[in-house]
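In order, the protein sequence lines correspond to chains A and B. Residues 53 to 231 (my numbering) make up the first sequence, in order. Residues 10 to 189 (my numbering) make up the second sequence, in order.
Quick caveat, the hints were computed from the structure, so don't treat them as lab data. It should be emphasised that the depicted structure is a prediction, and the values quoted were computed from it without experimental measurement. The beta carbon of each residue, even a glycine, is placed where N, CA and C say it ideally should be. Any given hint could be a false lead.
[As the list claims (entries may be wrong)] Pairwise CB distance ranges (calculated):
| id | chain 1 | residue 1 | chain 2 | residue 2 | range |
| --- | --- | --- | --- | --- | --- |
| 1 | A | Gly104 | B | Ile44 | 51 to 61 angstroms |
| 2 | B | Leu19 | A | Trp58 | 36 to 46 angstroms |
| 3 | B | Ile44 | A | Lys143 | 32 to 42 angstroms |
| 4 | A | Tyr207 | B | Ile44 | 22 to 32 angstroms |
| 5 | B | Tyr36 | A | Phe102 | 36 to 46 angstroms |
| 6 | B | Gly147 | A | Gly104 | 48 to 58 angstroms |
| 7 | B | Val45 | A | Ser138 | 32 to 42 angstroms |
| 8 | A | Ile56 | B | Tyr36 | 39 to 49 angstroms |
| 9 | B | Asn74 | A | Ile77 | 45 to 55 angstroms |
| 10 | A | Phe107 | B | Asn70 | 38 to 48 angstroms |
| 11 | B | Ser38 | A | Phe107 | 13 to 23 angstroms |
| 12 | B | Leu19 | A | Tyr226 | 22 to 32 angstroms |
| 13 | A | Leu159 | B | Ile20 | 16 to 26 angstroms |
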Amino acid sequence: MRAINWLGLIGGVASIALVVLSPYIPWWRLTVGEDLFVVNTSPFNFNFNFLGSSFTIPVILALNLSSILMLLISGMIMIVYSLNPSKTYSKRLLYFAYKKPMYSVILFLTGIIILTLTLNLMFNFNIPIHGDSQVSISNVAQATTIILPVKTSFYWPLWFAILTAIMCIAARIYHKNIK
Amino acid sequence: MDKISIFLALINLIVATGPMLSILVIYISNPIEVIVPSEVQGLSETLGSFGGTLQTIELVNVTYNPDSRTITLLFSVISGLDIDLRIDSITADIVCATHGYTLGHASLMSPVTLVPHIKSYLTVQSHWTYEAEQHIKGQHNGESTINVNLANIAVNVDGVVIQTSQPVTLTNIPIGSLEG
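If we strip away everything but chain B, and leave its shape as in the complex, we get (with noise of 0.2 angstroms):
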């Protein structure tokens, strides 16, 4: 074998073996790292802020307008992420806790950014049907709220689609010029 095989075969052994080994070198006291390194723990940190973040939900206010029979929700929430999040879309439909009855559909009125760690507000629409207005009518006359469950919620942020059928309870919607 002469010096030029010898030196290529040594540069393929060096070039294959030395950046590994610098590695393991450097992380001989904690060898886990090398495949799962300390910054997964900031990836559970993110979780968590995502998590956090659904908590921040709020229902600010609630308006209804009996001529369009339009509700309108205003949520209030808070990211705790380092990046903006686009709500692209918001559906879901409002049902009478107390009867079950359909009574709309609701979805997000126009897309919002969420910037990090500043309050945004989320304005959901939805519709009432003239069904719905003949059930507020007759099932909850002399009722000036009402309680209603959001089911079949979907969620689109960022192009990802949360669904969930576990209904959400609103208490206290105001449905006072209603009444039949």
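Only chain A is shown next, with the shape it has when bound in the complex (with noise of 0.2 angstroms):
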């Protein structure tokens, strides 16, 4: 019977899923006031919007398209080895693929967490990573004070991400069993 990786052959249909299904499910988003300002963001896609205009940030969709060429391809590659894991070029293959989602994980949740550390302590603007926050602006000389309440969340499309790398990090460590 073919040897197949089965475990490699999901992370890898799960990689081109992923990059399939993130343009329209943010893997995180930030919330100001009641969809005033909202910022949805993925490896793959990043929205921004603000009282109603919405543009895109050149340098940003550079960085995305990089990252949906590279999980494509390294699901295609994945997929590819998954149903050859026994050829003499397959793991080769396995170590081009394998690590791909994860450092599609590690690089977002890093950007995330610089972001709002960043916001913290250049502006004071407590920005939660996942829950309910407010941030305070005061112009003295206008005796103003404008409140926005923050809202930052996870969505699935995060967890299916850690899952894939899982798979795929599964699939580099069942590949041993291998013959």
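Could you fit the two chains together into a complex? Lean on the hints.
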């Protein structure tokens, strides 16, 4: 019977599914007020909306495109490897592909942590990584204070991405058992 | 290094650098836009529209019901933004502008949605206390109108609360029926 690395196959398909899903459901969302200011983000998509105005930042678009292509290609390579795990070239395919979902998750979470820490340290905006808070902006000259309710949440594609990364790492470990 | 390793290394290189290089080539004449796109200009216009909206607030009508000691202020506002804005609440203290005496606490009767570029109306109501009525009878006897300050104003717009301790003066508020 032909050997198949099922963990790798699931990981590869999940990687592609993750890229397809991410434009529709963000990994992380920041909302100020009742949708007055919204940021939807994932490694593959960044959507910014302020009082009905939205725009794209080209440098982030480039990073998103790189992430999309990287995970799509690694997903396909993972599938090719999983269907032929005992070929001489398979190990190289596996080594190329198995770390990519993990990198996506780690880089994304690092980016979110750095963003919230920066806003906290530089502007004293207490923005949680996941949860609710209030940000107060005072203008002493105009005797005005603006209180902004801030809500941040992780969405299920992030957990799906973590699961995908675990599957791919498990495929790497399981590879040792394939003759 | 075999062909597969070279192929995979090339994929890594192209995918990691290709989109970024493409963006840099597209914006070669204005590299700043790679980080700060021209649409940010639209953002400042949006902020300007928000400020402009505040400037269109106008007191249209004031009525006073002596039986219930209720003063009703009708404001009009035109939203310059392209999205609906929901005013959930407005609260303020009504203070006699001459004597600094607190006459009552005003609040928005019901939430209002500001439709873009169309005049909307906000009805703010305040119940004057018995002491406020006595103040007017005692200190403003013979006057048909008084000036009041709206102090400690707090406006809740789509969950965002804007508070100001800068008072807003409303002139010629009718009090004819309260005269002692």
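*Quick one: which hint numbers does this structure break? Sort them smallest to largest.*
Failing hints, ascending: 1, 2, 5 and 7.
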